[in-house]
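The listed protein sequences correspond, in order, to chains U and A. Residues in the first sequence are numbered from 80 upward in steps of one, following the numbering used here. Residues in the second sequence are numbered from 80 upward in steps of one, following the numbering used here.
What the hints contain is simulated information worked out from the structure, not anything from laboratory work. Be careful, since some hints might not be right.
Straight-line alpha carbon distances no greater than 25 Å define the calculated DSS-like cross-link-like pairs of lysine-lysine that follow [as the list claims (entries may be wrong)]:
1) Lys280(A) with Lys231(A)
2) Lys280(A) with Lys252(A)
3) Lys231(U) with Lys88(A)
4) Lys88(A) with Lys258(U)
5) Lys252(U) with Lys226(U)
6) Lys252(A) with Lys88(U)
7) Lys258(U) with Lys297(U)
8) Lys297(A) with Lys120(A)
9) Lys297(U) with Lys280(A)
10) Lys169(U) with Lys231(U)
11) Lys258(A) with Lys169(A)
12) Lys226(A) with Lys280(A)
13) Lys88(A) with Lys88(U)
14) Lys297(U) with Lys297(A)
15) Lys252(A) with Lys169(A)
16) Lys88(U) with Lys169(U)
17) Lys280(A) with Lys120(A)
18) Lys169(U) with Lys252(U)
19) Lys252(A) with Lys120(U)
20) Lys231(A) with Lys88(U)
21) Lys280(U) with Lys297(A)
22) Lys88(A) with Lys120(U)
23) Lys88(U) with Lys258(A)
24) Lys258(A) with Lys297(A)
25) Lys280(U) with Lys88(A)
26) Lys258(A) with Lys231(A)
27) Lys120(A) with Lys88(A)
28) Lys297(U) with Lys120(A)
Covered by chain A, according to a simulated footprint, are these stretches of chain U (three or more residues, beta-carbon under 8 Å) [said to hold, decoys possible]:
29) 130 to 137
30) 181 to 190
We put the CB at the ideal spot given by N, CA and C, even for glycine.
Protein chains: 2
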Amino acid sequence: MKRLVGTNKEISRILYEEQLALSQQQTDVDDLVREILSQVKIRGDEALRAYSQEFDQLAIQDLEVGDSLIEAAFAELDTRVLAALERAQKNIESYHRQQLEQGFEDQPSPGVIRGQLIRPIERVGVYVPGGTAAYPSSVLMNVIPAKIAGVKEIIMITPPQEHFNPAILVAAKLAGVNKIYQVGGAQGIAALAYGTETIPKVDKITGPGNIFVARAKKLVYGLVGIDMIAGPSEIGILADETANPAYLAADLLSQAEHDQLARAILVTNSDQLANQVQEQLEIQLKTLPREAIARRSIEDNGRIIITDSLASMFELMNQIAPEHLEIAMDQAYSYLDLVENAGSVFLGHYTSEPIGDYYAGTNHVLPTTSTSRFSSALGVYDFIKRIQYTQYSQEALAVVADDIRCLAYAEGLAGHARAIEARSQK
Amino acid sequence: MKRLVGTNKEISRILYEEQLALSQQQTDVDDLVREILSQVKIRGDEALRAYSQEFDQLAIQDLEVGDSLIEAAFAELDTRVLAALERAQKNIESYHRQQLEQGFEDQPSPGVIRGQLIRPIERVGVYVPGGTAAYPSSVLMNVIPAKIAGVKEIIMITPPQEHFNPAILVAAKLAGVNKIYQVGGAQGIAALAYGTETIPKVDKITGPGNIFVARAKKLVYGLVGIDMIAGPSEIGILADETANPAYLAADLLSQAEHDQLARAILVTNSDQLANQVQEQLEIQLKTLPREAIARRSIEDNGRIIITDSLASMFELMNQIAPEHLEIAMDQAYSYLDLVENAGSVFLGHYTSEPIGDYYAGTNHVLPTTSTSRFSSALGVYDFIKRIQYTQYSQEALAVVADDIRCLAYAEGLAGHARAIEARSQK
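Throw the hints in and build the complete structure from the sequences for me.
Written out as C-alpha cells, the structure reads:
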C-alpha cells in the first residue's frame, strides 16, 4: 500500500480526488442503454426475449421463474448453507425491525390537527446479478428491509441462466420475494420501470448490477425511485498499537478481493503497525485464491496514512467518510461518539468486516465514494413514504387567515390569498 | 377543465402519461450547464464573477451578502409580514421537531452489540431563486428542517440583485442560515458542489430553481446529495356533494396560478358538483391577477373525473399519487386510512391548500409527478445520516465463525472467510 504524507486537509483532498476517479462511471454505454429502455417500453415482453437471445444466448419461454425451479433449488442447496442463511436472515430481521417508524399527530392549537402517516411503498423491484457476482447475502439485504417496511409486492429479476445458483432462489424465497423473473441488464431495469405484459411496473428499484444496470437505473431515476448508484467498495481502518497486523491485513484483503477498483485505507498512529501490516499483506496475498484482483487493488488503490494523535486519526477518517469503518483499538466502543461519517462501523479487534457482510444483521448495501457524508445504509426507511396531513376547523382558519393572506400577497400570489378569503366571506 | 371518462386503470394511465409529458425537462441546456460546472470547478470565484456579469449584468465585489444588507432588510420589511413569518416559523418548527429520530442499540446475543447512530449532515446548501419566484416561505421550508436535524452550517445562495427582496434575507436570518452568498444559476450549484475560494463545498443541496439549476443539480447528484428534481406543481381534490364548489374552484386556481404547466385534478362522485366547480372557475378566473397563467393551466391541464363510489375515488387518487391532496368531504379525517400515496393531505372543507404552503407547519417541498409513490415531503430525515455499528467479542465470533465461513466460501470469497479464520487460529 502506498503511504500518503501531508496535513489531514491535503490527504483527504487527495483521497477524495482518487476516489472520484475510481468511481468514474463509463457513460459511453448510454446510447445503447437508451435504445434498450425504449425498445422494452414499446415492445414489452417481445423485446425482453429478443435481448435474452442476443445478450445471454438463451431462448426464454417462461419469463417467470416458477415454483418447480425454486423447489429444486431447496433440494440442491447444501444444508449447511441453508442453515447459515436462515440464521443470517434472523439477525437481519431483528436488526432492521428496529428501524420501523411510527407516525405522529399533534394538535398545536384549538381546531388544528397535524400529523405524519407512514405507508410502505407498494411494489418494489430487486435486481440480482447473475454469474459469479450472484450473492445470496445481497438478496437478503435488499429484500428483508422491504418486507419489514410492509411492501406488498416484491419482484426479483435476475439474468437468465442454464442453471440458476440455488442459493439465490432459496434466499429469495426465505426473504419473501413474491415473484422472480429471469431478465437481466438494462432490459430488466426497463421492464421494472415501465412494466410489460408479464412483469408489473414497480415504484422503486434496488440492487447492484454491472455498468448497463447502473446506467439504466440512473436513467429511469425520477420515473421510479432507486436505492443508489454504488461505486467500488471501500474499507477504512483506524488502528493503534493494540491492533493485530494479521487481522488488519486479512480485513484489507477481504475488501480488495472484490474488485481491483476496491480501496483499502489504513490510518494509524503507529509506524511499527503500518510496517507489520505491509508485511502481512505480502504473506497473505500469496495464498489468496483471488490474489490477482486483490494485489491490483492493494498496490494501486491501497493507502496508509500515519498521524500523530487519535484526534487527528478520527478527523481524517471523518473527512474520508468510508463505506466500512473498522476501529481496531482497545475500548473501541468508547470512540463511537467521534464517528461523524461512515456507512457501517465495526468495533474492536474481533469485529471483522465480513461479519457485517453476511451475518450480524446490519445491512451491507452501503454508501460508497464518500457519500456517507449525506447518505446511509439501505434500510426500512428506504421502503416507506411519509405522508403529511393537516386539518383546520372553520374557527381555526379564521384565527390565522390574516397571516396567510398577508404572506400570499407578499409573494404576489393572489390566488392563494383568495382561497383563504373564499372561506372567510359569509 | 376537461372531463376524463374510463375505468380507473385507463384514467390513471392517461393522467400518468400526461403528467410525464408535462414534467419532461429540457435537456438541451446540458452542454452549457456542463461547461459552467467545469469553469467554476477550475476557476472558482473568478468564474462566478464572470457569469454574474454575463447572465445578471451585475459586477459583484463581495460574493457574501453581509450583515448590513440583512439589517437593512429587517428595517425595510413590512412589520405585518415579519410577524406572520415569525408565526409560520414557529409552526414549521413545532411540526418538524416531531420528525427527530433517536438511534437504537440491542444485544441480540452474548458479546454482541449492534446499533444505529443518527448524525446530522455537516454542511448544507440551499438555493433560493431570485426575481418574482423568490419565496420567503420556501426559505423557511428548506432551512428549518436542516436546522432541527442539527446541520452545523447552512449556506444559502441566491442570484445577485440590485436590491434584494427583504423578505428573503429576513426569512434566512430567522431560520438560522449561517452565510448568504449572491450567486445564482448553474454556477451557484457548481460553487456549492465543488467549493470556491469564498464559498465552501457542501454535502447536500436543496431548493428549487429554473431549468439551469435543476439540470445542474441532477448533474452533480452523487458528488453531493440533492433533495429532488421537482416537476410542475399539482393538486388532486376528492370531493363529494358536501363540498362547496366556490372553495374548490379557489383551491384549484391557487395551484393553477403557479405555472401554466401546473395541474389541477378533481375526482368526485357528484355530477352536479363537477358542473358547479366549472362555473365557479370561470367566475373566479375573470378577476384573478394571474388570470392568463391560471387559465392556461386549467384549460390545458385541468381534469375532472366522475366516479360512482367513494372506494373508486380513493383508488383512483392513490394511483394518481398527487403532490397535494384535498379531501373535501364531511368527516374527512375518517378517510385518512384510505390514503396510500400523496405528498401532503388537507382534510375537510376549511383546510385550503395554501394553509400548508405558508403556515400550518407541514413542509411545502413535496414530491411531484406521481413520485409520492416512493418519496416524501422534505423533512428532518433528509438532513441526517444513519450510521450502523456492530461489536463482536472474541467468544461471540467463535460461536458464529463457521456460519460466516460457510457463506463466504459459498459466494467464492475466500478472503472474507480468511478474515474470520485469522481470528480463530491461536
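Consistency of the hints with the structure:
1. The suggested pairing of Lys280(A) with Lys231(A) holds, with an alpha-carbon distance near 13 Å, which does not exceed 25 Å.
2. In summary, the hint linking Lys280(A) to Lys252(A) is supported, as the alpha carbons are separated by about 21 Å, within the 25 Å threshold.
3. Our distance criterion of 25 Å between C-alpha atoms is met by Lys231(U) and Lys88(A), whose separation comes to about 19 Å.
4. With a CA separation close to 22 Å, the supplied pair Lys88(A) and Lys258(U) stays within the 25 Å bound.
5. Between Lys252(U) and Lys226(U), the direct Cα distance comes to roughly 12 Å. Compliance with the 25 Å bound is thereby established for this hinted pair.
6. Of the pairs offered as hints, the one joining Lys252(A) and Lys88(U) is violated, with about 30 Å between alpha carbons and a cut-off of 25 Å exceeded.
7. With a CA separation close to 24 Å, the supplied pair Lys258(U) and Lys297(U) stays within the 25 Å bound.
8. This hinted pair checks out: Lys297(A) and Lys120(A) have alpha carbons roughly 16 Å apart, not beyond 25 Å.
9. Only pairs whose Cα atoms come within 25 Å are accepted, and Lys297(U) paired with Lys280(A) is accepted, the gap being roughly 24 Å.
10. Taking the CA atoms of Lys169(U) and Lys231(U), the gap is about 20 Å. The hint holds against a cut of 25 Å.
11. This hinted pair checks out: Lys258(A) and Lys169(A) have alpha carbons roughly 22 Å apart, not beyond 25 Å.
12. Note on Lys226(A) and Lys280(A): the hinted pairing holds, with a Cα-Cα distance of about 18 Å set against a maximum of 25 Å.
13. Between Lys88(A) and Lys88(U) the alpha-carbon distance is near 56 Å, which puts this suggested pair outside the 25 Å criterion.
14. Between the alpha carbons of Lys297(U) and Lys297(A) the distance comes to roughly 10 Å, so the proposed pair stays at or under 25 Å and holds.
15. A distance of roughly 14 Å separates the Cα atoms of Lys252(A) and Lys169(A); the hinted pair therefore holds under the 25 Å criterion.
16. For a cut-off of 25 Å, the pair hint linking Lys88(U) to Lys169(U) is broken: about 42 Å separates their Cα positions.
17. With a CA separation close to 11 Å, the supplied pair Lys280(A) and Lys120(A) stays within the 25 Å bound.
18. With a C-alpha separation of about 14 Å, the suggested pair Lys169(U) and Lys252(U) falls inside the 25 Å cut-off, and the hint holds.
19. A threshold of 25 Å between alpha carbons decides the hint, and for Lys252(A) with Lys120(U) the separation of about 48 Å lies outside it, so the pair is violated.
20. Taking the CA atoms of Lys231(A) and Lys88(U), the gap is near 19 Å; set against the 25 Å cutoff, the hint holds.
21. For the hint pairing Lys280(U) with Lys297(A), the CA-to-CA distance comes to about 24 Å; that is within 25 Å, so the pair holds.
22. For the hint linking Lys88(A) to Lys120(U), the alpha-carbon distance of about 18 Å falls within 25 Å, and the restraint holds.
23. Distance hint between Lys88(U) and Lys258(A) is fulfilled; the C-alpha atoms sit about 22 Å from each other, no more than 25 Å.
24. At roughly 24 Å between alpha-carbon atoms, Lys258(A) and Lys297(A) fall within 25 Å of each other, so this suggested pair holds.
25. Distance hint between Lys280(U) and Lys88(A) is fulfilled; the C-alpha atoms sit about 13 Å from each other, no more than 25 Å.
26. Restraint check for Lys258(A) and Lys231(A): the C-alpha separation of about 12 Å stays at or below 25 Å, so the hint holds.
27. For the proposed pair Lys120(A) and Lys88(A), the alpha carbon gap of about 48 Å is over 25 Å, so the pair is violated.
28. For a cut-off of 25 Å, the pair hint linking Lys297(U) to Lys120(A) stands: about 23 Å separates their Cα positions.
29. Check result for the region 130 to 137 of chain U against chain A: violated, 0 residues qualifying (beta carbon to beta carbon below 8 Å, three or more required).
30. Counting residues of the region 181 to 190 of chain U whose C-beta lies closer than 8 Å to any C-beta of chain A gives 3; at least three are required, and the coverage claim holds.
This entry does not satisfy hints 6, 13, 16, 19, 27 and 29, going by the numbered hints stated previously.
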